[in-house]
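Can you make the complete structure from the sequences, with help from the hints?
Chains as they are written, first to last, in this note's numbering: chain A, 48 to 148; chain B, 48 to 148.
Just so you know, the hints here were simulated from the structure itself, not pulled from any lab data.
Fair warning: there could be bad hints in the mix.
One copy or two, either will do: identical chains are not told apart, so a pair holds if it fits within one copy or between any two.
Calculated pairs, EDC-like style, for lysine to aspartate or glutamate (alpha carbon to alpha carbon, straight line, at most 20 Å) [what the hints assert, rightly or not]:
#1 K56 with E124
#2 K56 with E104
#3 K80 with E96
#4 K80 with D147
#5 K58 with E117
#6 K58 with E140
#7 K56 with E140
#8 K83 with E64
#9 K80 with E64
#10 K78 with D147
#11 K56 with E117
#12 K80 with D108
#13 K78 with E62
#14 K78 with E92
#15 K58 with E96
#16 K58 with E92
#17 K80 with E107
#18 K78 with D131
#19 K58 with D131
Spelled out, the chains give:
Number of protein chains: 2
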Amino acid sequence: MIIEVAHIKVKPGHEAEFEAAVQTASAVFRKAKGCKGLHLQRCIEAPAEYEAVIRWETLEDHTVGFRQSELFQQWRELVGPHFDGPPQVRHHEIAIPRIDF
Amino acid sequence: MIIEVAHIKVKPGHEAEFEAAVQTASAVFRKAKGCKGLHLQRCIEAPAEYEAVIRWETLEDHTVGFRQSELFQQWRELVGPHFDGPPQVRHHEIAIPRIDF
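Okay, here's the thing in structure tokens:
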């Protein structure tokens, strides 16, 4: 399992619209091969900055399958108007699986 | 619920020892008031870089309660020797809760 973290800064005042757009876009990711789910988190220290955390079965499901699909265009059409600059995207593998207390 | 993301770069060759130290340190976080759990993820694009993702009931459970406790010293004693520079820590609130496909 691969964890994509897309660091997204939104334009001033666009926070609510951006969050609604990501909620709508969850239906796009649901259609994407290998996409296992997502959540959106907002930085407390920098409230215009978000992290979209999206889980994929493989790296290529995101970097090849999704990015070369029509679904990627749909995602960008929904959220792109709210971006303040290009997103910074990194991928992670799990080193220590989730522990719950 | 608050999500702490500690961005940690480790010294060259220290990856396995660092991962083992975080595993050991999970027992420290288990004792911390308000700590709900954690996982560790490793960056694919920069394999010396990790994110420790630690969940807290409140921001202050981490920034005040934990950091001023003996437990913080125990955590740093375990993992600090493997750090390549100071960690970069940010906190997030959930904007869209986890969706599973």
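Identify every previously stated hint that the structure contradicts and give their numbers, smallest first. 2, 3, 5, 8, 9, 11, 13, 14 and 18
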